[in-house]
Amino acid sequence: MKAKPISLSPPFSTQNEWVEALSRQDKRAFEWLYKENYASVRSFVLQNNGKEADAKDVFQDGLIAMWQNIKLGTFKLQEVPISAYLYRICKNRWYERLKSASFRKSTTLDDRPESFQEENSLDTLIRMEEIQHIQLIMRQLGQKCQQILKMFYYKRMTMEDIGQRLDMKAKSVKNEKYRCMSRLKQLASPQS
Amino acid sequence: MEEHRFEQFEAYLEATATEEQRKELERELKAKPNLQLEFEEFRTLWLGIQAVFLKDELDDIHQDLMLDQAKVVPFWRKRSWTIAAILLVLIASAILFFPKESSSKDIYASIHQVDPGLPSLMGLADKPEFDKAMLSFKKGEYTLALETFISLEEAGGQNDTLSFYQAMSMMELERMGDAQASLDQLLTSDSDFIRYKAEWYVFQIQVFEGNYPIAGEWLKKISSNEDHPFRQKAIEIQDEFRFPN
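Chain order of the listed sequences is A and B. Count along the first sequence starting at 1, add 1, and that's the number in the numbering used here. Count along the second sequence starting at 1, add 8, and that's the number in the numbering used here.
Hints in this document: simulated from the structure, not taken from any laboratory. Accuracy of the hints is not assured; some may be wrong.
As the list claims (entries may be wrong) - One side only, chain B facing chain A, incomplete, derived with CB under 10 Å: (1) F14; (2) E22; (3) A23; (4) F61; (5) D64; (6) H70; (7) G185; (8) D192; (9) V210; (10) E217; (11) G218; (12) N219; (13) Y220; (14) W226; (15) K229.
Claimed, not checked - Interface residues of chain A toward chain B, partial, derived using beta-carbon atoms under 10 Å: (16) P11; (17) F45; (18) L73; (19) K178.
Computed from a predicted structure; not experimentally measured. Even for Gly, the Cβ is constructed at its ideal location relative to N, Cα and C.
Next comes chain A alone, as it looks inside the complex (with noise of 0.2 Å):
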């Protein structure tokens, strides 16, 4: 007798349907990505040297780059999978991480395939630890400015539907949003 794959269904058929679900940060997209890929790089990360928090790191790292390049337009649809795409990326930054200064130090994994090294041709524009800088300013903002941007700019809601929810009008939460973005600026580049 063999084995059958566990079949579960995707939310979305297209790749076309992927990319605009993962650009309007669907997170059923997400979720859906992360439960069917999640234990294929981590098992890659472990056999690799690296620790479960590598794992969970390089995985959201991957996933994150991935989300980058469709926002900016830079995926390109057709040419691999979405999910073949992902585990590739993961794959290459955890060779990007093994490569680096503080990593060569304790391993003895050195040079990679050449096709790993393709990494550098995914443009992407913030990594991580500007992330981890970038909520390190917004928690200086309040949290007001941060519902508010979160609801605008990740939840995509309408500026009315935002007045609603926090009580206010549409105008008065344009005005807010302005002032946090301009304060979150500031504080971004301060000697700007």
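With chain A fixed as given, assemble chain B onto it according to the hints.
For chain B alone, kept in the frame of chain A given last:
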């Protein structure tokens, strides 16, 4: 930065600007280096804000996933020795009376066939070493074949055919990570023949490694390409195994 600039950049990045507004901003960005800098700074913030919230969401998903997996543990721990004994009997019965559940390696073994090798020497006829390597490959002497393919490549004979047979030798030696790396390079080969074969074997490596969702996506890609030589085979495998895609 003035509010209208924020809105202009925002509309551009969110793709809500009209074609005219988009072109106007692009013209301005080209002409004004300072504005270009401001735009890049804004884009980093715009993406960064969303990335921060996305990271939070991914942490939640991760936590849920870990909790789901952890739920299995208390179930077993709560059971008494009696239940453990029953389980032991059930497992023993399963081993004795039912066929073994196949692993990813078994599925791989049932779909994998060694590449038949080249019918001709494809431009390498002047290299008897290649002949030898191909002969070793066909005889199943994969280590020897691989060494010869590699030395041919080192001698400057690098081409897609050599890379492909290196990958095939690695696959037969079950060095799947190396085989995948070589095949990855061939997924963009100019030769349809090599590219299609590379796709087919990348699919098989994913099966071997138990990465069924990725294997399923490759299968879908292959079976939806009418020109693909492995299309029919891919459809049959999908019917039999129902890989997720």
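Comparing the hints with the structure gives:
1. F14: Holds, because the Cβ-Cβ distance from F14(B) to chain A comes to roughly 6 Å (cut-off 10 Å).
2. E22: holds, 8 Å
3. A23: Where the cut-off is 10 Å and the nearest Cβ of chain A is about 9 Å from A23(B), the hint holds.
4. F61: Status holds, d = 4 Å.
5. D64: Cβ of D64(B) sits 9 Å from chain A, so the hint holds.
6. H70: Holds, about 6 Å.
7. G185: With Cβ-Cβ at 8 Å, under 10 Å, it holds.
8. D192: Result: holds, 4 Å to nearest chain A Cβ.
9. V210: This hint holds: V210(B) lies near chain A, its Cβ roughly 8 Å from the closest one there, short of 10 Å.
10. E217: Result: holds, 7 Å to nearest chain A Cβ.
11. G218: For G218(B), the interface hint holds, since the closest Cβ of chain A sits about 8 Å away, which is under 10 Å.
12. N219: holds, 5 Å
13. Y220: holds, 4 Å
14. W226: holds, 6 Å
15. K229: holds, 6 Å
16. P11: holds, 7 Å
17. F45: OK, holds: F45(A) within 10 Å of chain B, min 8 Å.
18. L73: holds, 8 Å
19. K178: holds, 9 Å
When each numbered hint is compared with the structure, no violation occurs for any of them.
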